[in-house]
Amino acid sequence: MQSRFSSTTRRGFVQSAVAGSLLMPGLLSELLAQDSIDPLKPRSPHFPAKAKSVIFLFMSGGVSHVDSFDPKPKLTTDHGKQVTFDHPETKNRPGYEKLFLKKPGWTFAPRGKSGIEVSEMFPNIASKVDDIALIRSMHTSHSNHFNATLGMHTGSFAFARPSIGSWVSYGLGTPNKNLPSFMVLSSEMPYAGTQVWASDFLPGAHQGTRVVPGSEPVANLKRRVATEGQQKLELNALAAFNEAHRTARPEEAQLAARIKSFETAFGMQSEMPAALDLSKESEATLGLYGLKRGETSGFGWQCLVARRLVERGVRFVELIHTGSSGNWDSHGNMADHGRLAKQVDQPIAGLIEDLKRTGLFDDTLVVWTTEFGRTPFNNTADNLGREHHNWAFSSWLAGAGVKRGVVHGATDEHGIRAEEKPVHVHDFHATILHLMGLDHTKLTYRHGGRDYRLTDVHGNVVKDVLA
Amino acid sequence: MSGRFRLLSAFVIVTSLLFSHVASAIEPSDAAGFKFFEDRVRPLLTEFCFSCHGATKQKGGLRLDSRAHAIKGGEIGPAIVPGDSSTGLMLKAVAYDGELKMPPKGKLTARQIADLTAWVKMGSPWPTDSASLVADPMNMPATKAGDHWSFLSFRESTPPRVNDEKWVRNPIDRFVLSKLTEKNLKTAPQADKRTLIRRATFDLLGLPPTPEEVEAFLRDDSSEAFAKLIDRLLASPQYGERWGRHWLDVARYADSNGMDENLSHANAWRYRDWVIRAFNSDMPFDRFVKLQLAGDLLIPDSPEGFVPTGFMMIGPKMLAEDDPVKMQMDIIDEQLDTLGQAFLGLTLGCARCHDHKFDPITAHDYYALAGILKSTKTMDNFNVVAKWQERPLADPAVAAKARTHDELIAATKKEIVSREGEGKKKLLAEARERIADYLATAEEVRKGRRASVSLMTGGKPPDGTLTVEAEDFQRGNVLKDREHYGKGIGVLVNAGPLPNFAEYDLTIPADGIYVLEIRYAAADPRPVRVLLDGKYLEDSAGRTTGGWFADKQSWDLGPVVTLKKGKAILRLERAGPFPHIDKLALVPLPPGQSAPVRPADLAVARKLVPVFLNQWVAHLDRLGKAPEGDALKKLAEAKDGPFAIPTPIDPLLAPEAASELKVLREKFARLEKERPVLPMAMAVSEGKPENLKIHLRGNHLTLGAEASRGFPTVLALPSQQSVDLKKSGRKELAEWITRPDHPLTARVAVNRLWTWHFGDGLVRTPDNFGRLGDSPVHRELLDWLASRFVKEGWSVKAMHRLIMLSATYQMSAAHDPATELKDPENRLHWRWPRQRLDAESFRDALLSVGGNLDKTPGGSLLTISNRAYVTSTANRNYDGYNSDRRSVYLPVVRSAGYEPFQAFDFPDPSVTKGRRAVTNVPAQSLLLMNSKLVAEQTRRLADRLIARPGDDASRINFAYELLFSRPASTIESSRAIEFVTQYEKAAMSEKLEAAEAKRRAWQGLCRALLSSNEFMYVE
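Chains as they are written, first to last, in our numbering: chain F, 4 to 470; chain X, 319 to 1337.
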């Protein structure tokens, strides 16, 4: 396998059949050296980066902070007490005229050396708490799934804008030409659909490539021509046509780039399936993720594939759990959080362990988040569910450049509002970009006559969590 | 009056108006004060204060970017008190002698402090306080930007003289050649005829020329040959499909809403087809613009008028926004932003929250325009999942008939509701008479139940009890849910198809009398029919248990049956969805024990309504004991009390009333089914005329001064018609935008045409002519074209002829290293800019050479009914793209676009896009190598070639003619033959039949040819 983040070395493409040189004569390579031709060419960060890749774990539907990462003993003692305020989810909603505090359904305990309290909902992640920087003062600008999911991914709560993965790809390019720079592993469509990984006005090369577990994880990846030999014949013929065409048009970088992209595509045909092939992973590794040999779906599969992609230089890998249905949106019964937590808890802890073991933890940033939290109250205290809550939730960062075993910020005594050192989604984004060596105020793109940013006109890097 | 002077005077008027307005608010009001502020104070504030106390950040709650904010101050008090240099905190802070020291990085100079002090003493004069909204004073104050080139009227210039008169074909070339000569750049030679016909045909039709067309053009050696070709292409119906599609990029056309509620716009295509027709009929562009903005007012009560206003309708909307006021303002913003960019090249949206940072558009201007749209009806309502407006296209008679039909439906519905009401009233009156009977019977039931052996009491079931998990049915169409309704329990839930049913093959352990008991949860009454060995016993599980979840699961008694040892089939069924059934049990009655009292039996015996009795039991269970006096009365009258009536009420009614109601329901269903489907179009109409107040920072909860409807001040035109405030103002808006002397509209339009011909515009930001847009290198040419466009009656086809007949258009793409060095971007047009086929041309060309392109015009291919979800939020994507029609007719589904189009840079249909990106990504190569589309089309093309008479060389020649509009050279031909032979041999080794191997080989050749740069680029 090609070494990680080394400059692209040519793969053993068509060499036997075309002797390589036909596709990529020296002149072509020179032409391609021009920066403008290749939007994914690796670029220098604004300042030395701590992280080279991001694994973005997105829990769809809204994870309850007060049941998982944000212990609120007062919420238990004040269970059933009435509270009064205008909340976006309960205002003018019939049956929600009165609101009562509702105690957490999981017990918290100090974990690890840091003693950070995490509930029994995530026993395995809890065992890794000394590796993470937990932010308990997250807040966001909208309480609808669609808007909040859009906001968490694009910084915009109302309009179509490029995804954070696209921004990172645009800012840094990618070292492995045979794989996309931004990949999304999701078996289901999330809220806001493809908008979650769209490049919008950024060049299309920065769009997230969705990997759907199954027979054809990426569109048009499977060779349609009967044999590899025949495909090579076709590609050789194509190379010959293009070469003849180009001879009359020397020095046209545009044409050269297009010739090159067939080589990349050919490389992807084999590299992508190889990245998704877990057969060479040891039992021990599979065990870390709670995976059985042969499994090709589930969050454990997503997590292990994420490690393999990051290993191969993919810049930004997002894992979505689960999508826009059957997710963390536990209005009816919070007990459902337990079922969902079981699906992700071991895989995520396994991922951290595996990254540490392989040394990848030193240059990979792991982000865990959701679109918003859940209400620490409801219309009756014994209502089994919790509603959407954008005033406060918990997220965490781990890995490259991130302090280990710390808590940043706090909510009030009942977990209702992010009170101490609040971190808005824009601040969260600014921090992620910062760890990638990007200044969120300088990572701009001119579109429609305006310079756009991921963080719009907002965002402050959360310096407290930086190592 | 010259444009320059006119706009300057406009500027003076605006400025003085502004100043006098402000002047009334502050003392003293002399211009010297403003000058002092601008020269001495604003620079200080900008340098030292705004980064923490400006529009972006407000440390300590303080903003210093407007006078009002400074006076208001922050958390600890006012920053300035105009006229008083001893109290405001700003002067204290800059003095650096107390706790508060500002700016934090170091004390200001004495001179700077003195300036601030003097300014405060002066009364803190501060111009443009029109808005606490001036976002960023670092940028040019709004009104000063009025002299930006695109806001000034066209510069009338004569096409310049040039040295090489022979090169010039029309005036465009004079402008181009003169600039090239000036820079000492060489022009590329004239393109050959084959190149020209391929270029012109792809350009005007989005299709390759046929070999016959190429042949005919080559044969025509008259000097008019190219002009005749252009005329032929412009007369083709395919022209409107190509150029209409260009406009649809600008109009952010889509067949679905996108955003949170991706509902189908099943009637949007009428606007699309109108656009195509408008291009084909060469509708004057000013008319084209006017109809899209105010067609309903210009041609009242006619689809010809309102269909074009679909332009205003088809934007993406947050249809589930909870706040209706915000939703409306967001929709208006989207409309305004689109029309601003589409027609004026102005990013008006920026002024929603503050004066435009870069262009002379104030927040006041924005809300003056927004008021026009606020007075226009776009939506039927702003409910959660709001409804956009559609208008019927049918002739009045048909529409009237439909209305009558709708009235009949409404009347029937009313009758049903009234019958239900009567029935309910009667039922309740009777029931309330017998409260005491209900109470007593309910108590009896409860008592009997306690004494019974049943599982309801939580006791241990007697020996011989047969318990079955509900989800272990042998046959059924209900879903088993083991995850969502409680830990460790599986329940039955509805799978969609009705009636629901589940069947169990039971083995009865011994002869005896059994009570069937069912454990379930239900928030609504959902009685199931119980059948044993095909025989109906009775309805059971009809109570509500208070919820759907595990905590509300409870046992209920069902029928008592006598059973023989051996097999029995138990069937549960319901016309509607099932309650959440967890378990079933057959509990044997011990000898001597009487059957438990069943509410149903008691109810029948005492002429009580069984549902009511069940509910009484449930309520008494909840309360523990029967309430008395007022509490009892209250309970009996409570909406969700024991006399709550289930829906439908029919089974509770007297047979006669029930059958009457049944007839009415059937009539209603029939009428609904027969409802005539009127052809509809998404269209606006006039709303309630009203002005908007300025929304501070774009927030509708913080309102400022009212902005009377009108047009941006900086673009005021002489003797301009003002808005008739009794109407929306859209008509005047349309008139204003399309005035011949409007400095933007014609320029933006001709620049768009130029962009679509050459791949890039004279202004390279076709949607932004503001200060952040590109400046034209060829300003004179742009102005000359714009003015000629207007003079020639805004004819788009005339512009095509003009542009395409120029020598500039007809140059070859030949490269010249020296020239390239000086003008690498070809901004001065020294050669033809080679262009990659766009998404639609690529697909249409594939279909065209494959011989299966269906040229039927118009109509809808969308497979989803109107306002239905095109993509559910679940894992389903729209996939109704299977068609041989031209690409412009394929549905444009937001966030679920056609994959080959996505790969080839089809723009995001949510925003205006005057120039598409052209990317080169591996996804495109993969698509050519491995997609079904390319496989199918190359197979068709291969078949077409194989079927041709003649030898392989002539086949290959035909392929080259089809794809590249030129014959194959001898070498190319022999190489291709060699390829086919080699490929065939390789395929034969797979043990394929000879015919199939041949087909594969030719398909392989076609795929390579279609993937080549020569095919993908137009030169």
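Hints are supplied without guarantee of correctness; some may be wrong.
Stated by the list, open to error - Derived lysine to aspartate or glutamate pairs resembling DMTMM-like cross-links, with alpha carbons at most 25 Å apart:
hint, chain 1, residue 1, chain 2, residue 2
1, X, K719, X, E992
2, X, K375, F, D133
3, F, K44, X, E1143
4, X, K377, F, E423
5, X, K644, F, D89
6, X, K883, X, E789
7, X, K870, F, E423
8, X, K501, F, D385
As the list claims (entries may be wrong) - Restraint-style ranges between C-beta atoms, simulated for each label pair:
hint, chain 1, residue 1, chain 2, residue 2, range
9, X, S1040, F, D459, 31 to 41 Å
10, F, D459, X, A1186, 30 to 40 Å
11, X, N701, F, T80, 38 to 48 Å
Simulated from the structure, these hints should not be mistaken for laboratory data.
Cβ atoms here follow ideal geometry from the backbone N, Cα and C, with glycine treated the same way.
(message) Hint compliance check: list the failing hint numbers for this structure, sorted ascending.
(response) Hints 2, 7, 8 not satisfied by this model.
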